[in-house]
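Using the hints, position chains B, C and D against chain A.
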Amino acid sequence: MAAGELDVRALGMQFEGLSALTDVSLFVPPGEIHGLIGPNGAGKTTMFNCLTGFYKPTSGEVWLSGERIDGFPPHVISGAGISRTFQNIRLFSNMTAIENVLVGSHGRIGGQTGFHVPKRRREWLRIKGRFSPRHVPKSLAAGLVEVAGAIAQPPTVRRNERDATERGKRLLKSVGLAGRENAVARNLPYGDQRRLEIARALATGPRLLLLDEPTAGMNPQESASMVALIRQIRDEFETTVVLIEHQMRVVMGVCERITVLDYGRKISEGTPAEVQRDAKVIEAYLGTRALKDGGHATP
Amino acid sequence: MTNRRRGSRWTWLMALAALTAIFAVACSGDDDDDDGGDEAGFTDAGYKAAGLDKARIITVDGDIPIGISSALTGEVAGLGIPIADSAEVASEGITVKGKKIKWVREDDLCSPEGGPAAADRLVKAKVVAAIGPICSGGTRASLKIFDDAGITHISPSATAGDLTTPARPEGPYVTFFRVPVLNADEAREQAKFAYDTLKAKKAFVIFDTDDYGKDLSAEFQKYFKEEGGEIVGTPAGYEKKTTDFKSIIANIKAAKPDVIYHAGFYAEATPFLQQLRADGDLKSMPYVGGDGIKNEELLTGAKDAAEGAYLALPGTQGSQFETYKKAYADKFKGDAETATFGAEAYDAATAIIKALEKVAVEKDGKLEIDLKKLNEEIKKSSFEGASGKVEFEDNGNRAGAVVRLFKVVGGKYVQLEAGKK
Amino acid sequence: MPSIRSQLQQVPEWAHALTFLVVGLLGWYFLDDTWVRVLFLVTLYATLGMGLNVVVGLAGLLDLGFVAFFATGAYVVAIWGAPISPSVEGVVNYWVLLPMAVFIGAGVGMLLGLPVLPLRGDYLAIVTLGFGEIIRILALNMDDYTRGSSGIFALAKPDYGAGKIDHVGDFLIMILIAAMVVWFVTSRLRDSKVGRAWEAIREDEDVAQGMGINTTRYKLMAFAIGASIGALGGAIYAPFVDFVAPAQFGLIVSINVLALVIIGGMGNTSGVVVGSALLIGVPELLQFEETANLLAKFGWLRDGLNTVIDGFNAISFADLGKLPPSEEWGDKLALYRFIVFGALLVLVMVLRPSGLFPSRRRELEFQAEEPEPAGIA
Amino acid sequence: MTVIFLTTAEFWADQFVNGLTTGSIYALIALGYTMVYGVLQLINFAHGEVFMIGAFAGYGVLVAMGGDDISGAMIALALVLAMIAASAASMGTALAVERIAYRPLRNAPRLAPLISAIGVSVFLSHLVDDGFLTGRSKYYPGIFPDGGFDIGPMAITYLQMFLMGASLAMMAALWWVIQRTKLGRGIRAVAESRDNASLMGIDVNRAIVVTFALGAIMAGVAGVLYGLYYSAIRGSMGFIPGVKAFTAAVLGGIGSVQGAVIGGYFLGLTETVGRELLNEIPGVNLPNQWKDVVAFSLLVLVLIFRPTGIFRQKEAKRA
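Taken in order, these protein sequences are the chains called A, B, C and D.
Okay, so the first sequence: first residue is 1 according to the working numbering, each after it adds one.
Okay, so the second sequence: first residue is 300 according to the working numbering, each after it adds one.
Okay, so the third sequence: first residue is 721 according to the working numbering, each after it adds one.
Okay, so the fourth sequence: first residue is 1098 according to the working numbering, each after it adds one.
Bear in mind the hints are in silico, worked out from the structure with no lab data behind them.
Virtual Cβ for every residue (Gly too), placed ideally from N, Cα, C.
A portion of the hints provided could be inaccurate.
To be verified - Have a look at the derived ranges for each label pair, beta carbon to beta carbon:
no., chain 1, residue 1, chain 2, residue 2, range
1, D, F1229, B, G710, 57 to 63 Å
2, D, V1306, C, D1030, 34 to 40 Å
3, C, D1030, B, E621, 20 to 26 Å
4, D, V1306, A, N182, 54 to 60 Å
5, D, L1265, C, I1029, 39 to 45 Å
To be verified - To spell it out: a stretch of chain B is covered by chain C in this simulated footprint if at least three of its residues, at any positions, have a beta carbon under 8 Å from a beta carbon of chain C; those stretches are:
no., region
6, 410 to 418
7, 431 to 444
8, 509 to 519
If we strip away everything but chain A, and leave its shape as in the complex, we get (with noise of 0.2 Å):
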């Protein structure tokens, strides 16, 4: 039941008719970096969009730290405490780094430091949907005094966005792009455009963090920072970390225990070198992919 234990519960997503995840549970305790592999197609980003609510899944159930959190928007469960990147970067390109990482901490911004879903509503959010009449003064007042601060911007609001503007400053010193701050995030160079997306996820104040492939499209000196960098931000942010990965070199390097999935299935789970040896897995990498230690499990 501690922060950032993830639990994922015989989970399956169904695309009109076709099973895209069947039955796969998961279980990653407080703290672990957690690898999730598996050839292309095997399930592994659509397993990532179950989990952040940008698919709603078919059955089963994801609970983070004790919380049931499935079935809710991408905004409520960014609250509860999952953050992402994207396996094809996708930042606010037109926006700097500093703003990039502001979007991701407005949540956070005016004292909220994470969300947290009470049983109550959470049920009554199921029954219901998420539109109520109950809810409309509430949320208009809501709304009302936050575009009136915006507006007016008493000395709360300046101290409030001046706090998020210093924690995305050191957010963006954590990952290695001090100095960087007003660079329009489309003219960063690759690497740092990867960082950025990890600050931003930073930013929302995750229990849990999902990297998307971190170190696709990087050489052997990038990838290595990388791994270091994972580390570091799990140590230093107290997050449980889940990646996808193709490089079986940052796989093994940095993975504590690793998932495999096939066709939608779970299909091995354990240490890397547990998982190594499993026959299942090295099946289903037969082929044209050879799973070798170090080598390059994609074409």
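Frame of chain A, contents of chains B, C and D only:
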């Protein structure tokens, strides 16, 4: 991503349904309580509001500018241009204290937006008086502009009843007069004609949803019911520029009327008649229309489909009609017989010129005109004009109304004798 | 190339606003009513533009039905502020009606916004266009409240203590104040957390939601704020024209406002003012007598063109009309201003697809359409 | 106000046929929207004006051949010539518009071509209305033979038959072109992915031009049919049918040719029959103009519940 919103969607659907229900109820509520229409005349307060309680003198150097606000472009230009031309010919060969009349034309588009804009420009052009606006909607919207400037204007064709009974404590606008016969008078004659002469017991009403159409159709319904007739189906309103009348026509067929009454303009009457007559069952259904439809362009546009239509035209041909007709033909090559409201425009212009002759005072080669006196003289007008005797009632309306009825025969308008089909 | 444009971008925005205010006040003091009227319309549309800019420029929601909110504001003031209105007895003070119009505008914005906000760009455009038409048809048919096409007139004029606001110049001052307030409000919003959320939504809605932004809430906020500004404009416009009828609220208003936002350079408040001057001011000026006098000097051009037309008529079935005397060109130009307007829209878009004065970000967006950094399949 | 129930079979049959004929015209116009949207993701706002130009070209031919005096076998010839001229004129307009207003903006921000399209629309409609007609309408000569026949309670005029037949024939021809010819394959490939198509050696520009041309031919014919049926034509006539047709295309699932056709008929029927049905509810009396409200409300409802259109099965691609 999609099914998650389902819950809120249903809520919205229900909200939408509730809204629709509210609107439907709101729209179908019984209305038209006649506002009584007490025929109040001009008041002192009215004169004060117009600044005409005391002398308001403007000095004219050179020709005397008189404004014309008419539809010079757009759908109703076929009505508006002959009106403007007819007004202008009233000044042919006439000078006032040695000065000629300078006509200032502005386009009011026959619309509630064009009216005030044209009035504004006329006021800026420092006209001493004006003809127009020609349509009820445009007139209603510009009454106050003319009134504020103290400029008397005479509409040759604005026929909505309430123009001379505006809802304001000061009573009718003292600066507004009009020559045409009112919608109410026209509708009464048409209702009589439909019931007595055509022997129609059931009428279907279709109308343009603008001021003129709504007013005329409401008056017709009132008088037709008074005669003993019945309005069948729901009166069908349409917006200007409508071309698809098929749905209305299906309603007409289902309502099985003896006569179709149409209050609108020729631009929509043309496609309406064509679509109506294309339907086998309605080929010979009697059709009675208002003055907005009686226009040459209906004949050229609708051709055979217009055949047999009964159209009303308020007013009569007065003793000055031939003079007007000749002047109009000479100057603009126009045919006065076909210029709807042309005679009224000519008479409106004549009333202004006659009044000017009485009030203009020469001073140092310039003319001084007191708007107050001009207004009073126009009110006192009494002369034989092209549309009969021109006199005004105490609220600015024309006194003594005559309505003529026409039938389209062989592509021409033929005037009907009283009581004949 | 340090163009004038980029130098202008260095000037702080409050300086632009101040310049505009000063120009407006100078115009108010020195010019006659005809010009003041044009200045009023330009400022009014600039204000509307700033409102729509929140929706289209900042939040990236394409709204083709902005006129709905403009109409809402005008009708609120007309229905409660005119003795003639059929459904309401008596007259409510204008200064009560003004905030009421703004709030009702926001309400209508949210009501219309909620069901359609999940829609994507082009769909949203066509649905909002439909809403604009629906509001107009409602106004046209609900005679019991709006007097239908007859419209509501003789509105009670705003009272400012020392007298009534009843003159073109008074209204210019009023709309200038409103414009400055709206300018302040929108630029503060743009530079706040809210503005950042809008921008994130515009850039990538899914990711913005993934980063904890309640996108529906912020889109709704943008819609409501844009709508309330539109309603504010309508509430000032109503007593100015003193006449409120459905025909004033056609699609062309929405198109005008959207076009001036985009031609001015989306997301840029100063650009909106320039766009408004171009699209609203110039066509009005075409109606002026001075313009007509100037154009009257081009008689030689007319003769030349008429010769060409004669030739064309001779060799084809067509029977093209002759050009009118150059004295009438001013009138004709006023008449043809929509033709000019349409051509102008195309021309500006083809030559400057991101507008005349694009905001820094919009310019960036345009420069690099070739997407994704290297290294990604 | 008395409430009268108009529930005779003839009435509903009439409205049904009206809905179908209006629907045929919507469907023909909708094809142009949906195809252009399919290849360019552009709402071709000027498509309504392309349709309008077609109506005027057809009118010109009919008048040149004698207007109301055309009779006998000449009627058929005149109609064919009118449709050919209308298609040609519409096509010319569409291609000119594509070349001048859209092609330079193919890589511009998304809103730029939309504004440019609106500009073209305003320009063309006002050019005809203010520039050539000074605001007046023209009226198609009523040359089509009167009369018709009954099918049960349904009375269909020859003109309505012709209209539905001609539009169906045009749609069938279009379907054949798209599905069975090389040109059509090109268009489909470009609609699928412009980049891939150009990699496959397909001339993308040509495919786009052909798309515009095919859509315009449909619109041109629709223009003539509209003129024959409703008689009044003017510069601004394209706007409402244009918006309605786009609505139809969206209803059917934009980008889908079959969807546009079904959407057109569906919309035509709903707005005609739907309004009358609502009027059958006691106390409800929706005026004629409310058919636009019905149409747009329908659009909103459909988009809320099925964002990809009624008839489209697949979810839209997610980024």
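Hint by hint, here is what the structure shows:
Hint check: F1229/D to G710/B, Cβ distance near 26 Å, so the stated range 57 to 63 Å is violated. The hinted range of 34 to 40 Å is satisfied by V1306/D and D1030/C, whose Cβ atoms lie roughly 35 Å apart. Separation of D1030/C from E621/B is about 39 Å and departs from the stated range, judged on CB atoms against 20 to 26 Å. The hinted range of 54 to 60 Å is not satisfied by V1306/D and N182/A, whose Cβ atoms lie roughly 45 Å apart.
A beta carbon spacing of about 43 Å between L1265/D and I1029/C agrees with the range 39 to 45 Å that was offered as a hint. Beta-carbon proximity to chain C at under 8 Å applies to 4 residues in the region 410 to 418 of chain B; the threshold of 3 is reached and the given coverage holds. Judged by the Cβ-Cβ criterion of 8 Å, the region 431 to 444 of chain B is covered by chain C as claimed, because 4 of its residues qualify and three suffice. Judged by the Cβ-Cβ criterion of 8 Å, the region 509 to 519 of chain B is covered by chain C as claimed, because 3 of its residues qualify and three suffice.
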